[in-house]
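Construct the entire structure; sequences and hints are all you get.
There are 6 protein chains.
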Amino acid sequence: MNKLNDIFDTVQQRNTHEKEYLQTLKSIIDSLKVMEDDINDSVFKRLCVPERIIIFSVPWLDDKGNTHVNQGYRVQHNSALGPYKGGLRFHPKVSLSALKALALEQTLKNSLTGLSLGGAKGGSDFDPKNKSQNEIMRFCQSFMNELYRHIGPTTDIPAGDMGVGNREIGYLFGQYKRLTNTFTGTLTGKDLSIGGSILRPEATGFGLLYFVEEMLKHHNLSITDKSVIISGSGNVALGAATKTNQLGAKVVAMSDSDGVIYDPQGLDIVTLSQIKFKNRLRIKEYLMHFPQATYLDNPKDIWNLKCDIALACATE
Amino acid sequence: MNKLNDIFDTVQQRNTHEKEYLQTLKSIIDSLKVMEDDINDSVFKRLCVPERIIIFSVPWLDDKGNTHVNQGYRVQHNSALGPYKGGLRFHPKVSLSALKALALEQTLKNSLTGLSLGGAKGGSDFDPKNKSQNEIMRFCQSFMNELYRHIGPTTDIPAGDMGVGNREIGYLFGQYKRLTNTFTGTLTGKDLSIGGSILRPEATGFGLLYFVEEMLKHHNLSITDKSVIISGSGNVALGAATKTNQLGAKVVAMSDSDGVIYDPQGLDIVTLSQIKFKNRLRIKEYLMHFPQATYLDNPKDIWNLKCDIALACATE
Amino acid sequence: MNKLNDIFDTVQQRNTHEKEYLQTLKSIIDSLKVMEDDINDSVFKRLCVPERIIIFSVPWLDDKGNTHVNQGYRVQHNSALGPYKGGLRFHPKVSLSALKALALEQTLKNSLTGLSLGGAKGGSDFDPKNKSQNEIMRFCQSFMNELYRHIGPTTDIPAGDMGVGNREIGYLFGQYKRLTNTFTGTLTGKDLSIGGSILRPEATGFGLLYFVEEMLKHHNLSITDKSVIISGSGNVALGAATKTNQLGAKVVAMSDSDGVIYDPQGLDIVTLSQIKFKNRLRIKEYLMHFPQATYLDNPKDIWNLKCDIALACATE
Amino acid sequence: MNKLNDIFDTVQQRNTHEKEYLQTLKSIIDSLKVMEDDINDSVFKRLCVPERIIIFSVPWLDDKGNTHVNQGYRVQHNSALGPYKGGLRFHPKVSLSALKALALEQTLKNSLTGLSLGGAKGGSDFDPKNKSQNEIMRFCQSFMNELYRHIGPTTDIPAGDMGVGNREIGYLFGQYKRLTNTFTGTLTGKDLSIGGSILRPEATGFGLLYFVEEMLKHHNLSITDKSVIISGSGNVALGAATKTNQLGAKVVAMSDSDGVIYDPQGLDIVTLSQIKFKNRLRIKEYLMHFPQATYLDNPKDIWNLKCDIALACATE
Amino acid sequence: MNKLNDIFDTVQQRNTHEKEYLQTLKSIIDSLKVMEDDINDSVFKRLCVPERIIIFSVPWLDDKGNTHVNQGYRVQHNSALGPYKGGLRFHPKVSLSALKALALEQTLKNSLTGLSLGGAKGGSDFDPKNKSQNEIMRFCQSFMNELYRHIGPTTDIPAGDMGVGNREIGYLFGQYKRLTNTFTGTLTGKDLSIGGSILRPEATGFGLLYFVEEMLKHHNLSITDKSVIISGSGNVALGAATKTNQLGAKVVAMSDSDGVIYDPQGLDIVTLSQIKFKNRLRIKEYLMHFPQATYLDNPKDIWNLKCDIALACATE
Amino acid sequence: MNKLNDIFDTVQQRNTHEKEYLQTLKSIIDSLKVMEDDINDSVFKRLCVPERIIIFSVPWLDDKGNTHVNQGYRVQHNSALGPYKGGLRFHPKVSLSALKALALEQTLKNSLTGLSLGGAKGGSDFDPKNKSQNEIMRFCQSFMNELYRHIGPTTDIPAGDMGVGNREIGYLFGQYKRLTNTFTGTLTGKDLSIGGSILRPEATGFGLLYFVEEMLKHHNLSITDKSVIISGSGNVALGAATKTNQLGAKVVAMSDSDGVIYDPQGLDIVTLSQIKFKNRLRIKEYLMHFPQATYLDNPKDIWNLKCDIALACATE
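Protein chains in written order, with my numbering: chain A, 234 to 549; chain B, 234 to 549; chain C, 234 to 549; chain D, 234 to 549; chain E, 234 to 549; chain F, 234 to 549.
These are computed hints drawn from the structure, not numbers from a lab.
Do not rely on the hints blindly, as some may be mistaken.
Copies of the same chain are indistinguishable here, so a pair counts whether it falls within one copy or spans any two.
DSBU-like, lysine-lysine: derived pairs with alpha carbons at most 35 Å apart [what the hints assert, rightly or not]:
#  : residue 1 : residue 2
1  : Lys259    : Lys362
2  : Lys266    : Lys364
3  : Lys483    : Lys278
4  : Lys450    : Lys297
5  : Lys278    : Lys459
6  : Lys423    : Lys517
7  : Lys364    : Lys252
8  : Lys459    : Lys259
9  : Lys252    : Lys278
10 : Lys236    : Lys511
11 : Lys362    : Lys266
12 : Lys517    : Lys266
13 : Lys297    : Lys364
14 : Lys278    : Lys511
15 : Lys326    : Lys297
16 : Lys364    : Lys236
17 : Lys539    : Lys266
18 : Lys539    : Lys517
19 : Lys450    : Lys252
20 : Lys364    : Lys278
21 : Lys297    : Lys266
22 : Lys266    : Lys511
23 : Lys511    : Lys423
24 : Lys511    : Lys297
25 : Lys459    : Lys364
26 : Lys259    : Lys326
27 : Lys259    : Lys511
Treat the numbers as computed from the prediction; the structure is a model and nothing was measured.
As structure tokens, then:
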């Protein structure tokens, strides 16, 4: 009866300070309680300890010539079903505990896809905000100078995540290709121009809208002409917004970490996409093109706006 | 003026919970304050972040066929001066923070030897106490199944440390040799029968006594016929005891984690060495051979005994 | 005229004692006599000498802690058409001569599939009978500690064979994956749960029945309702039995190395499969579930039973 | 405005003597002038410098035992879109400049296929004419003794070209396979018997005729019954001739470096293919089989013959 | 009789434009004429063709963020006697022909040392003049991103040469160490602080003075109190100047590519060394410290000055 | 008591036909009987099974262009004390059994040297007699095309043996160097001109004479002026003969497999060495230079000649 709790206790003693990881593991164990008797504890013990973690220093020069040293991480959680697979995140709050939690979830998520893939997660506490393109390039190259020896098409296949988009994957892949002298599918999320696949960034947002559409159908409702608010304006939010339009509904509000834009007649998603992805500006810029839209300078106010459907697509 | 403190603050924010590591780093920084102006902060930043850390799961079977999963570690701290070099420790209290602190110290210690060596430390939270020889062999082989890809004669050269003696180095080297199909100096501390060097285990204890002898000389005193108590009965303590005798003094008390043996006429160190190293028994066993000795069942009582010189040689 | 005989004589002088190999080679040469003039002897000479053979010691511990040392083999016969491919056999009668004969046959068989595959065979004189699961696991891991450097997805792709089923392939693949840090298709025959393909073990038996059905059709006969005896109760025999039922016939007798079970009303193949594959028991166990069946304690008596069709599916 | 010219000038200063390369680069730059403003000069600069060139000595023995030392080359021009890919040419006029020009063109050509392939070219100044089969085999093996470390299925995938046909690819692949102990798709152009693909050698000639057919259609003309002269008698020329016949036209003249065969009734292409590919003889041999044909001993006279369509398919 | 000339002709036809290489080879062949009969032409042919040349693109960013693409070279001339060994030169006039000539000479020079070393030479047309420290660091790292796969302690051991001093070797070695994760003797000329050997940069200049001293002795002369002029102010010149002083003579004039400093009382070599090596300034700076010295702004005027001994130590 | 016999029985059952190996093992076991109780059977079992054996095909072309396929062997017997080390033998009687016996002896012999070396042996059934220099070169290169992946300076270090002298080691090392692109001490026995050590071939013969001298001294005898006959004329025999002269004695007879030369005044060993090593002729040639010598055409007749000391130095 206490088999799973015992395993949890052992992990907890070893990693007292890793709150995110312990919380994730606890919730998994709680959900498994109903089938505790069927669980092979020899196997379950292995699922609780990441197979391999690499933590490495990433020295880089800013444009003024000052040295910085960040920490890079790769948590290779489990490869029972296939090569490690999971995103790279560049964000100042990245920590070992958070990455371990995400890598554990990735193992479980990937196992549900039916593909032969294990789980991993990685990244750095490097903050890409307010960095020049050359600084980001130099950081990515220095990061890959170490990571390249731990990944490969049958070993570990990183993808992008927060702070790591097409551009960063391009810099990472370029250095990987140069150092290994091979052109392989070791990194996913590449730009179309260097061999990436079509449509991937929008996939999560699109999936969300398909799910919404199916839910409405289930209740004999249609999505047509519904007004939708979508928090966020990243890949997920803009993908959701694009599909919302394609399905005949309209997006009336979106947000970023500075504020909210709102137009009850519907926002122009193509323009907004250019603002965010091509020009890399803040959402407020939208008012330069569509002065009739309203701007609220508290992102949380999006939830006070009127709508038929509200979708949370911002980063936690 | 605050250059070093700023660097410390950055490290602290990133590793809030790593007490041992922060404490070690702080004491280094404090001792450098007097020469703060001469320190190149670009170089010092790199010294504060280990170049690479590998954490890995070590699954093994006990003699009853139960699965256990421990964590293995290798902190490769700095290679500016040569390949990484430092001990492996098997002890239940091994943690990432403690190993980072020890690895940082190792980098500084090795740089003082004048040899071309960097600094490292590693090990596992595996507890070798009460394990059979076969269990220890299986653990060592499983540990090396991962470690082998991170070490090598020009990359990283582990040695023994607490819980890792000649026997364990032998199991580790055997598996390393089998997996890499090479016979190299990648592990130090091997038994004489498989190519180890003479005298190494006693070196620390011998060095301590040479130091004591020099201190006494400095005060115009001689070590001859002095009565010495030495806490502990491991490599360091027994090395110190052996050299004490060779220098003409006598050891009147030694201890292990259970108790103390005491004989004002002097202990027989050869017999005691056999008890500890060959038979792997507790120190109390000494009374079976020398009934005239006294046994105290609190190790700390050693400090109440009368002597000329008292040497602390037990593990902290 | 004597070109092929000359080549055979050279091989024979070099391997006087390898009876199985010489016999296999002789029968191939005899069948080629009719086209001797068309044979390029420069190429044929190469077919008679395996490209590479690796023989290695496999030390392992039994559950009592005793050391055993078996011999492992891999005969990489010919790679003219693709990477080496062929099974691993764990059986006390495994010898270099027998494996060379099987590897030569494998090269010829694989060339007929039209796939890009060369031929190989391997295994050990290790006897898996009466070994515990942990002993088998330890042997497989030790076996792979050497084999891993000689195989790979474009080099040599072992499969199972006698004594090497899903379980053993799982242990072998697990160690291969751990040592190489890659997840590849280097071993075939994996369990479904770790990425194996569906149906493979039954394939040989199914093929046999399709062949029988075609033969009967050729003589204007039908397999429906025919009574069939099948010697053996391994993968081939039980595959054949399963397909026999599916085609509308009934299996009246099967055997293992201890004896025969017989039921003129037809055996229950699902139950028998569970006895053999899941519970790993002897065929006699069948009577516990179906007391009406008869048991004969000489395996050869199966050939005295009455039937319409008799199929030999036991190991030679 | 002068961006591209500036880049050209830099390249020219560095490689004054490489006429073929400078001429090819100049013609590319000229054709890009119309869009000069849209060109990213940071990217274009990289296109003008081959990523890697390897030049190596190839020592070999002729049948009399004399040593010869040729130079081997591999120009790995650009891998932005995929692994390097391009032919190997054995011809006494092979030079670094010519190979650089061809490799640059290959990068552009491969980018138009839509496949994920970079560009390369290589070969040697070895002259395969008048060499015995064993001399060619020894040269190919020696050539591969160095090249093998620079190629691979995800690194660089050579193919045949002038002087390197099925036979030479077979020798090269055999040595590559032996040295790397892998069977991979690292060389294309293999014979069918060792895993090559069907039809490849004729592809260029076939494509030419499809192109001719489309041009005629565009002018409302038909190729049927047209008389065609085709200069050359290599892979391209004979492929073109074969397809000419299949489309209902007839080939009235072909040539090699010695002379021309001419028959206004149409040449027998099957016979001619055997003469060139199987027997490796001169085109004049055709008259032994078809005495009614005419032979002209100046290859250039082919352009004086009467025809409806003239196709230049000889090597420049 | 014409054996060597024939070999030269073959090389000349293949490399018509490589003037430096042909000139060097010609002078070697001329000096061998007297022993032509004893030369094994099979071996000599191999000496005339470098075993391997690698030419590679080196993209790097200047401090303004502009991309530049230089060419890197490594000529691995001959390894008959040991691993390739020879310097790296960064200079705008570096060309394939010049490096081939230097590499050939290196093979011959190294063979005379009695050490087990082959010959090589390499570098780039990168001009280190007027580059910032960070630009030089980035160039060195990019250069090594390719070179690292072609060198190693038993393969090829580069050293510094013109434009590649302690600082550049440090950047190159740092990147090599990071990419290969090994600390080996693959590059020579490292700074003392990262494991270099003592005294090396002065060695050539010291050797020159020992030679001068021996010549004078041979004529019963002494070097004491002689006045010496030394053209140049690099490693060789300053080494010569230092030893001149140590032997009791005085240096009255030295030069750089801008001009000459002259002081008949003798120059202060310690000060001059600091100006050139620590501050990296022009020689004219010397007058700021010693106003009594004279400055001539044509470097060639050094040869018009009065002296006992004149030594040419500037780069050609 | 029967521990060792039991181990022998197991080995015998597995290798019934390997007479040489079983005989060697038996004699070792017999000599160990006196200390049977002290032997760790777990360790001894491992000594009886070679750690790894590689058998491979060696295809090569003779000067007429005919294909031959020999078998190559490398028995890597034991590496407990260091990398495998032992000779390569090219002789038609080479067999797996004989090489296993020699490799086992090599392990024991090397362990007595006090050096850190394991034991190995290898070679081929190729017969170097009557082969041209080019045939031997081609065979050696083909042999190394496979062997190179199994040896290395810390893995296995082959040396010469019967049929493998300086010349063959040169061909083998040349191909090893070319394929691995490293210059290392992987093969011993190289010619002085490519880095070999001085004196090695004579060492065995010299050692024999030192031993003889000591034996004589032990009996108060001197070797001066003694007449010595030495069977054989290979490295051992001629080394013994050279040292015989140096110690003041004279060699009166030597032999090869054709016959004996005899001169009671003493043979000229310098001349004889040139005949055998430089001109590679039969011993009978000696009479062309010294007609006063006698020739006996039965090698065994050497034992009938008169002498003070008789030394058997021919191959068994």
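Here is how each hint holds up against the structure:
| no. | hint | verdict |
| --- | --- | --- |
| 1 | Lys259 / Lys362 | both (33 Å within a copy, 30 Å between copies) |
| 2 | Lys266 / Lys364 | between (47 Å within a copy, 32 Å between copies) |
| 3 | Lys483 / Lys278 | neither (48 Å within a copy, 46 Å between copies) |
| 4 | Lys450 / Lys297 | neither (57 Å within a copy, 56 Å between copies) |
| 5 | Lys278 / Lys459 | neither (48 Å within a copy, 52 Å between copies) |
| 6 | Lys423 / Lys517 | within (29 Å within a copy, 54 Å between copies) |
| 7 | Lys364 / Lys252 | both (30 Å within a copy, 32 Å between copies) |
| 8 | Lys459 / Lys259 | neither (39 Å within a copy, 58 Å between copies) |
| 9 | Lys252 / Lys278 | both (19 Å within a copy, 28 Å between copies) |
| 10 | Lys236 / Lys511 | between (53 Å within a copy, 25 Å between copies) |
| 11 | Lys362 / Lys266 | between (43 Å within a copy, 33 Å between copies) |
| 12 | Lys517 / Lys266 | neither (48 Å within a copy, 40 Å between copies) |
| 13 | Lys297 / Lys364 | both (12 Å within a copy, 15 Å between copies) |
| 14 | Lys278 / Lys511 | between (46 Å within a copy, 24 Å between copies) |
| 15 | Lys326 / Lys297 | both (25 Å within a copy, 31 Å between copies) |
| 16 | Lys364 / Lys236 | between (49 Å within a copy, 23 Å between copies) |
| 17 | Lys539 / Lys266 | neither (41 Å within a copy, 55 Å between copies) |
| 18 | Lys539 / Lys517 | within (20 Å within a copy, 75 Å between copies) |
| 19 | Lys450 / Lys252 | neither (40 Å within a copy, 56 Å between copies) |
| 20 | Lys364 / Lys278 | between (42 Å within a copy, 20 Å between copies) |
| 21 | Lys297 / Lys266 | between (56 Å within a copy, 26 Å between copies) |
| 22 | Lys266 / Lys511 | between (48 Å within a copy, 27 Å between copies) |
| 23 | Lys511 / Lys423 | within (16 Å within a copy, 46 Å between copies) |
| 24 | Lys511 / Lys297 | both (26 Å within a copy, 23 Å between copies) |
| 25 | Lys459 / Lys364 | neither (39 Å within a copy, 61 Å between copies) |
| 26 | Lys259 / Lys326 | both (22 Å within a copy, 23 Å between copies) |
| 27 | Lys259 / Lys511 | between (41 Å within a copy, 34 Å between copies) |
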